[in-house]
Structures are given as structure tokens and as C-alpha cells.
Amino acid sequence: MTCFGKRYAMAAAAATVFTIGTASSALAVELEFYFPVAVGGAAADTIEELTEQYMAENPDVEIDAVYAGSYQETVTKALTAARGGKPPQLSVILSVDMFTLIDEDVIMPFDDLVETDEDQAWLESFYPAFMENSQTGGKTYGIPFQRSTPVLYWNKDAFAEAGLDPETPPATWEEMIEMGKKLVVKDDQGNVQRWGVRIPSSGFPYWLFQGLTTQNDVILANSDGNETSFDDPKVIESLQYLVDLSQKHEIMAPGIIEWGATPKAFFEGQTAMMWTSTGNLTNVRDNAPFDFGVGMLPANVRRGAPTGGGNFFIFNDADDEQKAAAFDFVQWITEPEQSATWTIATGYVAPRPDTWETTTMQAYTSDFPAALVARDQLEHAVAELSTHENQRVTTLFNDALAAAITGTKSPAEALAEAQQKADAILEDYR
Amino acid sequence: MHRREWVYGWLFLTPALVFLFAFTHYPAFNTILGSFFSTPKGRKPAEFIGLENYRDLVADEVFWKVLTNNFWFALGTIPISVALALLMALWVNGRLRGTTLSRVAFFAPTVLPLIAVANIWMFFYTPGFGLIDQFRSGLFGLPAINLLGNPDTVLGAVIVVAIWKEAGFFMIFYLAALQSIPPVLREAADIEGASSFYYLRRVLFPLLMPTTLFVSINAVINSFRLVDHIFVMTDGGPDNASSLLLFYIYEVAFKYWQTGYAATLTVVMLVLLSILAIGQFFLFDRKVHYQ
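If you read the sequences in order, they're chains W and H.
Residue numbers for the first sequence, in our numbering: 1 to 430.
Residue numbers for the second sequence, in our numbering: 431 to 721.
By construction, these hints were calculated from the structure, which means they are not laboratory data.
Don't take each hint at face value.
Here are the computed lysine-lysine pairs in the BS3-like style, where the Cα-Cα straight-line distance is at most 27 Å [said to hold, decoys possible]:
#, chain 1, residue 1, chain 2, residue 2
1, W, K421, W, K234
2, H, K685, W, K86
3, H, K474, W, K77
4, H, K495, W, K409
5, H, K495, W, K86
6, W, K409, H, K685
7, H, K717, W, K77
8, W, K77, H, K471
9, W, K421, H, K717
10, H, K471, W, K139
11, W, K181, H, K495
12, H, K474, W, K139
Bear in mind that the values here come from a model prediction, so they are computed numbers and not experimental data.
Required output: the full structure, derived from the provided sequences and hints.
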């Protein structure tokens with residue numbers, strides 16, 4: 001072969017290899033997947049690891065997992081992309097935005113993708129408490145993924161110091177006040193060094209507040225999402241209890257309390273008890289410099305908590321191959337093994353009963369029983385507040401709560417106004 | 431040749447005009463038009479509803495709260511940041527030791543992205559273990575203060591961050607203007623026996639008027655534009671206590687997806703800014719001496 005011929009042959013070979021290489025990746029199904037992170041810890045890393053694992057097992061699917069910020073930012077990004085004509089194919093979005101996503105006509109029900117009996121059995125294998133915010137009109141629009149309930153974390157060392165039994169958290173509203181008073185520590189000038197309890201109220205106070213209303217045996221909105229009961233006397237009572245914690249009993253810091261700084265405040269000993277998502281469990285386990293306990297939220301008339309967190313949604317502006325691939329990915333990531341990995345890495349509640357029965361989870365929970373609290377609380381859990389035009393209604397409710405917490409308005413006044421505004425918005429949907 | 435020159439004039443202007451029309455005039459016109467239509471919902475298209483959106487605007491108490499907040503925000507940021515910029519420029523104008531370091535330190539806030547510094551400031555403001563509270567309890571033994579969680583102090587806290595961000599930027603303009611003032615004036619003032627303050631008031635300040643005009647127009651624009659830190663720090667604050675007009679527009683447009691109402695709010699902002707800009711030019715016109 002002449003020198004020129006050799007170079008020509010090599011170039012031709014390289015070109016062929018290159019074409020085959022790009023041709024095979026051109027055959028791969030490409031999915032864009034938005035996911036939010038709302039808790040501390042390594043949630044984003046775990047999602048990326050799981051996505052890599054799926055791609056390794058399924059070489060003809062390429063998933064671009066895009067971290068999209070908080071729940072609020074993620075739904076904004078997804079809807080903006082949808083309006084711009086380039087939506088993601090699947091996304092984890094706050095479960096309560098389901099009505100908004102349906103109204104904007106961007107998602108499809110999972111029932112349309114169910115083909116085999118196995119698929120149908122899978123669709124029905126989730127905890128009913130999580131399905132309340134995932135279904136409407138007889139169809140399933142969201143598949144539970146990073147679901148949670150709020151739980152009570154307490155500092156066992158602080159309890160012992162204050163003369164309380166470190167193994168017993170408060171079980172009722174009254175107990176929380178009593179124990180809170182004993183746990184408050186002041187310095188010589190009378191400034192509080194450690195508060196009794198910390199219930200964050202920044203950003204989305206309605207969620208933890210829903211714990212209080214459920215414990216007071218009242219529901220904030222109906223399942224059709226077109227009627228709210230913000231001015232119900234029991235709701236006003238619950239808000240008064242929350243406001244009194246800082247204003248009357250002085251066991252909680254006054255003003256709006258930051259959600260993101262709450263675990264850190266707990267670690268720093270600024271508060272002896274905190275209410276926050278079970279999704280912070282692994283974060284607390286890794287970083288708390290003391291013995292801590294996790295328990296259900298205290299009861300009033302009954303035990304109660306809202307469910308929370310994000311579901312998987314599949315967008316309808318995708319071709320059939322992409323929808324099938326997305327459906328397969330959602331099924332894979334909710335399988336017991338992957339679900340266990342996710343739960344152990346974060347503390348979110350595995351949404352299917354069979355996950356809890358795997359040997360991995362059995363071993364994990366016998367070593368760390370705190371992980372079972374949120375799951376056991378599901379028995380007392382109710383749907384998270386969700387209505388049509390959810391962001392608008394939730395925001396004005398949040399504003400009312402903030403006004404009452406900061407003392408700008410009385411609970412009754414703030415809630416009456418909120419109910420009026422919510423009615424004006426939801427009238428059109430009745 | 432003489433007659434053809436206007437063609438070249440227009441050709442040179444065309445690129446800039448295209449951008450101006452595409453990104454300024456056309457969107458503004460579209461927004462004004464859009465404010466007379468309802469919000470499209472799912473499959474229902476936008477309908478013409480005349481002044482309905484404007485009636486909703488007048489009845490919206492959050493809008494009035496937001497407008498009041500913006501007024502206080504403007505009142506807080508504009509005079510203070512302009513004055514601070516002038517003071518900083520006067521300070522670093524000389525050739526003393528450490529002026530370069532000072533100039534860098536004063537300008538540093540400008541180059542840092544506002545979202546990033548907002549997170550840092552949020553740490554400063556965190557009650558208990560934030561930097562401000564560590565000073566307060568460590569040095570003065572004062573109790574923890576929740577500046578961001580209190581509707582009375584949150585706007586002030588947000589204003590401080592905005593002033594911190596923009597004063598350094600304005601300082602640069604004043605510095606450049608100061609450098610271009612001929613030193614003979616200072617020498618003449620010294621010979622005449624004028625005090626530094628008299629020199630500042632009667633010579634320096636009038637000569638800096640063009641810069642002051644430029645800087646204050648920028649400050650006015652910034653008082654509407656700088657809302658990035660609100661997203662990170664307060665999300666509108668306790669019950670809209672730290673919400674500003676542009677932030678509210680974002681909420682209405684991209685959180686509630688009420689594009690019709692958002693267009694109406696934007697028209698209000700456009701009108702306000704136009705009045706302020708035109709007003710400023712007329713106000714300063716007599717006082718500005720261009721050399």
C-alpha cells in the first residue's frame with residue numbers, strides 16, 4: 001500500500017467508526033428529567049447516581065437529570081419550558097401542583113401508559129395516604145417518589161438536662177407547652193439561649209400548620225380542590241395555638257422562623273425540639289452532635305400530619321418512545337431496591353409497603369428505628385392542601401399565617417380575609 | 431456625495447435600531463396590548479376585556495402594598511447610595527497608601543453576583559448564629575434579633591443589601607469624574623482661603639452634576655430592578671412586607687401564570703419609570719453644567 005493509500009484507508013476507517021458511534025447514540029431515547037431538592041444532605045447526588053445506574057442497565061436510554069432548585073422553582077421551570085414548547089419528558093414536582101398541571105394541559109395520566117396486569121398492580125401498590133394528592137377524576141397523574149410527613153425531632157441531651165425523660169417526646173399539645181417551658185434556657189441577661197420548640201414558618205408555613213389543623217380534626221380543602229375552610233373555628237384555634245407558643249408561652253422564637261436554617265439551629269443547640277420533614281432524617285443523623293429522638297407530631301383531638309413531597313409526572317408533549325422510556329424509568333426507580341437506596345440516603349418515606357419488607361430496609365430500620373416514624377404516622381396522615389390555582393391560594397394562605405405569626409393581624413381576622421380571597425379565586429372551578 | 435451621506439447614517443444606525451425595536455419597543459407595545467386581554471387558560475384563549483385588568487389592579491391591596499414598599503425602597507436606596515458613592519470616591523481619590531486596596535474593597539460587591547451575596551447576607555441576618563447576632567451577643571450581650579422575620583425591619587434589611595451592592599459601582603463614576611477635574615481649581619480655592627467644605631459645596635459638587643445625574647438615573651432604575659436578593663432572602667417577606675413591584679410581577683407571571691394581570695402590572699412599572707426618568711432630566715437640566 002502506498003503512503004497515501006494507507007492514510008486514506010485510516011481516515012476512511014476512522015470516519016466509519018465515528019459514524020457508527022454517533023448513529024448508535026442517535027438511536028438512543030433521550031429524556032430530560034427535572035428534579036427539585038428541598039432538604040439538606042446528599043439528595044441531588046443520590047438522584048444522579050440512580051440515573052447513572054439506570055442508564056448503565058439500559059444503554060438505549062439517555063436521561064439528563066437536571067437539578068431544578070426548590071419545588072417552587074421546579075414547577076416554574078417545567079411550566080415555562082412547556083409554554084416555550086420544549087418541556088421535559090418527566091419531572092418530580094410537588095404533588096399538590098397536580099391540578100395546576102392538569103389545568104395547563106401539560107401532563108398525562110399514568111393509566112394511559114399501563115399495558116400489562118403487572119403495570120396495573122404496580123400502579124395500585126402505593127400507600128393510599130400518598131395517593132390522595134396523586135389522583136383525581138378516577139385517574140392517577142402522579143407517582144409518589146420523595147414523599148414525607150413532618151416529624152418531631154428532639155434533643156435527648158437537652159431533655160435530660162432539663163429533668164425530662166429523654167426517651168419520651170411530648171404526645172399532646174399541652175405536653176409540648178409544659179416540656180417546652182422546662183427546656184427554655186436563658187443566659188444571665190435574660191436572653192434566650194435555647195428555645196423549647198422550633199416550628200419554621202418561612203416560605204411555606206401552611207405545611208407544618210396543616211399538622212396542627214389535622215391534630216385539631218379539621219380539613220383545609222376538599223378533594224375536588226375547589227373549596228377551602230380557612231375560617232373554620234378549629235383552624236383559628238390551631239393558629240392561635242401556634243401564635244401563643246411564642247407570644248404567650250414564650251417557648252418559641254418570635255417572628256418568621258427560617259425553614260432552611262432549622263436543622264442547623266437544632267445542631268447548634270438553639271432549640272430543643274424541632275418540627276421538620278422526615279426528609280431531613282439522614283442529614284440530622286449525620287450531623288447532630290448529640291443523641292436525638294424522632295417521634296410523631298403531638299396530638300390534640302387526634303394524631304395528625306400532612307403528607308408532603310414530590311411525585312413523578314410524565315409530560316404529554318413527548319413522543320411514544322420517550323413516554324414508554326419515562327414510564328419504565330419511573331417503575332424502575334420505585335422498585336423496592338432503588339426505593340430503599342433513596343430512603344436510606346435521605347429519610348423520605350418509601351411509598352410502597354413492599355419496600356419496607358426487603359432485607360435492606362429491615363436491617364436499616366432495626367438499626368435506626370427513627371426511619372419508621374414517618375411511615376407509621378401515615379395512618380394519621382391526610383392529603384396536603386391542594387386546590388386549583390394552587391400557588392395563588394396557597395400563597396394568600398401563607399400570607400395570612402405570616403400576618404398572624406408576626407402579630408400584624410389576629411388569627412381570626414387573617415383567616416377570614418384569606419377565606420374570602422380564596423373563595424373569589426375558586427368560584428370559577430365549582 | 432453630500433446627498434448620499436444620510437444613507438450611511440441610517441445604515442450605521444440599523445443594527446442598534448433593530449435591537450432597540452426587538453428588545454425594547456416591540457415587547458413594550460406587546461405588553462401594553464396584552465394588558466387589555468385576559469389570561470389564556472389551558473385550552474381557553476385570551477379574550478379582550480378592556481380595562482378589567484386595570485380595575486382589578488386598583489382593587490388589589492397587595493399591589494398597593496408592593497408599590498408603597500417600592501417607594502420606601504427607592505427613598506432608602508437612592509440618596510444613601512449616591513451620597514455614599516461620592517464619599518467613597520472622595521476618600522479614595524487621593525494618592526495615599528492603601529487607596530488601591532480600598533478601591534478594590536469598595537468595588538468588590540459590584541462584581542459578585544447578587545444571588546450569591548444574598549445567601550451570604552442571609553447568613554449574616556440569621557438569628558442566633560448569624561454574624562450580626564454573634565456580634566450583638568458577643569460584644570454587647572444583646573438578645574437574638576430576627577431582622578428578616580419581622581415585617582417592620584425586613585424592608586430595611588433588604589435596603590441595606592441593595593445599598594451595599596450598588597454604592598461601589600457608582601463610586602467608579604464619581605472617581606472618574608473627580609480625576610478629570612483640573613487641579614488648578616483646588617489650588618485657586620486654597621489661595622483664596624476657601625475651606626474644604628466650601629470647595630466641595632460650591633466647586634466640586636456643581637462640576638460633578640453630570641455624573642450625579644447619570645448615577646441617580648441608574649439608582650432609580652436599580653430601585654426597581656434589584657429584586658434578586660428578595661428571592662433568596664425573604665421570598666416577599668412576612669406577608670408581602672419585603673415584596674417589590676418587579677418581584678410581584680414575577681410572582682404573578684411565573685408563579686400564578688396570570689399573564690394578563692402581569693402585563694398590567696408591567697405597564698404600571700413602565701409608566702412609573704418613564705415619568706421618573708423624564709422628570710429627572712427636566713429637574714437636573716438647569717443645574718447640570720457640561721464642560
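Going straight from one Cα to the other, do H/K495 and W/K409 come out at no more than 27 Å? 15 Å, holds
Is it true that the CA of W/K421 sits at most 27 Å from the CA of H/K717? 50 Å, violated
Check whether the Cα positions of H/K474 and W/K139 lie no farther apart than 27 Å. Roughly 23 Å separates the two Cα atoms, so the pair holds.
W/K181 and H/K495: Cα distance at most 27 Å? 38 Å, violated
Measure nothing beyond the straight line between the CA atoms of W/K421 and W/K234; if it is 27 Å or shorter, mark the hint as holding. Distance ~19 Å between W/K421 and W/K234 Cα, so the pair holds.
Take the C-alpha atoms of H/K495 and W/K86, compute the straight-line distance between them, and say whether it is at most 27 Å. 36 Å, violated
Does W/K139 lie within 27 Å of H/K471 when you go C-alpha to C-alpha? Measuring from Cα to Cα gives roughly 22 Å; hence the hint holds.
Between H/K717 and W/K77, is the straight-line Cα distance small enough, at 27 Å or below? Distance of about 48 Å is beyond 27 Å: violated.
Restraint status (C-alpha distance of H/K474 to W/K77 at most 27 Å): Measuring from Cα to Cα gives roughly 22 Å; hence the hint holds.
Holds or violated: W/K409 to H/K685, with C-alpha atoms at most 27 Å apart: Holds, because 25 Å separates the two Cα atoms, which is no more than 27 Å.
Could you grab the alpha-carbon distance between H/K685 and W/K86 and see if it respects the 27 Å cut-off? 19 Å, holds
With a cut-off of 27 Å on the C-alpha distance, tell me whether W/K77 and H/K471 pass. 18 Å, holds
Comparing the model with each earlier hint shows violations of hints 5, 7, 9 and 11; every other hint is respected.
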